[in-house]
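All chains, full assembly: derive it from the sequences and hints.
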Amino acid sequence: MNCDEFVELVTAFLDGAMDEPTELRFLTHLTVCDDCEMCLEQFKQIIAMVGELPEASLTVETRDQLRGAFRALRRG
Amino acid sequence: MAGARELPPDEVLVRRLRDGDEETFALVLDTWSGGMLRLAMSFVSTKASAEEAVQDTWLAVIRGIGDFEGRSSLKTWVYRILVRTAKTRGSKESRTVPFASLQPEEEGPTVDAARFRPPGERYPGHWAVGQEPRPWPEDYVLRGEVRELIAEALDELPPRLRAVVTLRDVAGYGSEEVCSMLEISPGNQRVLLHRARAFLRRKLEHYLSGVHDVAVGGDERGLR
Ligand SMILES: [Zn+2]
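From first to last, the protein sequence lines are chains A and B.
To convert, note that position 75 of the first sequence is 477 in my numbering; the numbers rise steadily by one, no gaps.
To convert, note that position 158 of the second sequence is 171 in my numbering; the numbers rise steadily by one, no gaps.
The set of hints was computed from the structure by calculation and includes no laboratory data.
Keep in mind it's a predicted model, so treat the numbers as computed, not measured.
Some clues are possibly wrong.
[Claimed, not checked] If we take Cβ atoms under 7 Å as the criterion, some of the chain A residues that face chain B in the derived model are:
hint: 1; residue: Asn404
hint: 2; residue: Phe415
hint: 3; residue: Thr424
hint: 4; residue: Leu426
hint: 5; residue: Phe428
hint: 6; residue: Thr433
hint: 7; residue: Asp437
hint: 8; residue: Ile448
hint: 9; residue: Met451
hint: 10; residue: Val452
hint: 11; residue: Gly453
hint: 12; residue: Leu460
hint: 13; residue: Leu468
hint: 14; residue: Ala471
hint: 15; residue: Arg473
hint: 16; residue: Leu475
[To be verified] Here are the simulated distance ranges between beta carbons:
hint: 17; chain 1: A; residue 1: Glu463; chain 2: B; residue 2: Pro199; range: 34 to 42 Å
hint: 18; chain 1: A; residue 1: Met440; chain 2: B; residue 2: Gly133; range: 23 to 31 Å
hint: 19; chain 1: B; residue 1: Lys60; chain 2: A; residue 2: Leu432; range: 37 to 45 Å
hint: 20; chain 1: B; residue 1: Val25; chain 2: A; residue 2: Gln447; range: 29 to 37 Å
hint: 21; chain 1: A; residue 1: Glu454; chain 2: B; residue 2: Ser86; range: 21 to 29 Å
Where is the CB? At the ideal position from N, CA and C, for every residue including glycine.
So, in structure tokens, the structure goes:
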């Protein structure tokens with residue numbers, strides 16, 4: 403496997419969605435190529451960073467309206 | 014899945030919601046709305062419209078909780094309503110997001126071919142000299158500005174890519190759930206996710222290579 407193929411397979415690898423021969427070629431490349439190891443590492447870093455993004459939040463008005471709607475509809 | 018661990022199991026949540034327990038409602042509302050807003054933004058044109066889609070979704074949830082059959086998780090059920098609501102709203106705003114098939118521009122490589130050695134050279138297909146991924150300086154990665162950059166880059170993504178990466182990496186869903194929510198095949202889901210992640214990686218790489226040079230040049234030790 404070459405680097406240009408490796409970089410396109412990172413997500414399939416992380417999802418465990420590769421067939422066995424491809425996974426073997428991927429892992430073999432990983433053991434011999436520091437650059438692609440770095441690339442894989444950076445994908446993992448990106449995934450972690452995206453997961454830590456501060457969440458957007460509803461405006462206070464919308465939130466209050468929804469709580470009011472819940473009260474009205476569920477409690478009758 | 015930020016905050017998901019603090020929530021009680023689905024059957025408890027559903028029972029309390031049906032009983033009209035307002036605290037439980039406030040809990041799921043506050044835990045899930047952030048991710049829902051981000052996802053809604055993939056389908057509609059403005060933040061205000063995304064907020065309205067989320068609001069409509071919650072109203073549908075309040076009305077429909079009695080009919081929830083527990084065939085999917087409660088969260089997946091809520092998200093499915095959101096996707097439907099936001100899609101409808103988006104198409105009224107003339108923003109149709111076709112998910113069923115890949116667009117031609119979504120099928121090429123995610124890394125510029127010029128970064129690899131061309132055929133005919135030694136080791137064709139391997140990273141070209143000077144084009145290899147470089148380690149990212151840890152102190153920059155941890156900074157708020159990088160977080161902002163990632164958030165902006167997410168907003169720049171085409172809607173389909175943004176929807177998938179939002180569900181997978183922001184909201185923490187597995188691929189099966191995402192395929193079912195967006196009604197796309199596992200293969201297409203993976204292509205979209207990979208493109209989205211590759212785009213974000215490229216943005217950060219570009220940014221960090223720039224800042225790093227400046228930081229080294231302007232560093233106290235560097236000036237002496
Ligand atoms: Zn390589």
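Check the following: the C-beta atoms of B:Lys60 and A:Leu432 are separated by a distance inside 37 to 45 Å. Once the Cβ atoms are compared, 41 Å apart, the range 37 to 45 Å for A:Leu432 and B:Lys60 holds.
Range hint 34 to 42 Å (beta carbons of A:Glu463 and B:Pro199) holds or violated: holds (40 Å)
Should the interface hint for A:Ile448 be scored as holding, given a Cβ-Cβ cut-off of 7 Å against chain B? holds (5 Å)
Supplied contact hint for A:Asn404, tested at 7 Å Cβ to chain B: holds (3 Å)
Quick one, is the A:Leu475 hint okay against chain B at 7 Å, beta carbons? holds (5 Å)
Do the numbers back the hint for A:Gly453, that is, is its least Cβ distance to chain B under 7 Å? holds (6 Å)
Would the hint on A:Phe415 stand, with a C-beta cut-off of 7 Å toward chain B? violated (10 Å)
A:Ala471 as chain B interface residue, shortest Cβ-Cβ below 7 Å: holds (6 Å)
Hint A:Arg473 vs chain B: min CB-CB distance below 7 Å? holds (6 Å)
Holds or violated: A:Thr433 as interface residue toward chain B, Cβ cutoff 7 Å? violated (15 Å)
Return the status of the interface hint for A:Leu426: holds when the least beta-carbon distance to chain B is below 7 Å, violated otherwise. A:Leu426 check fails; min Cβ-Cβ to chain B is 18 Å, beyond 7 Å.
Using the nearest Cβ pair, does A:Leu468 come within less than 7 Å of chain B? holds (5 Å)
Of the numbered hints given earlier, the model fails hints 2, 3, 4, 5, 6; all others are met.
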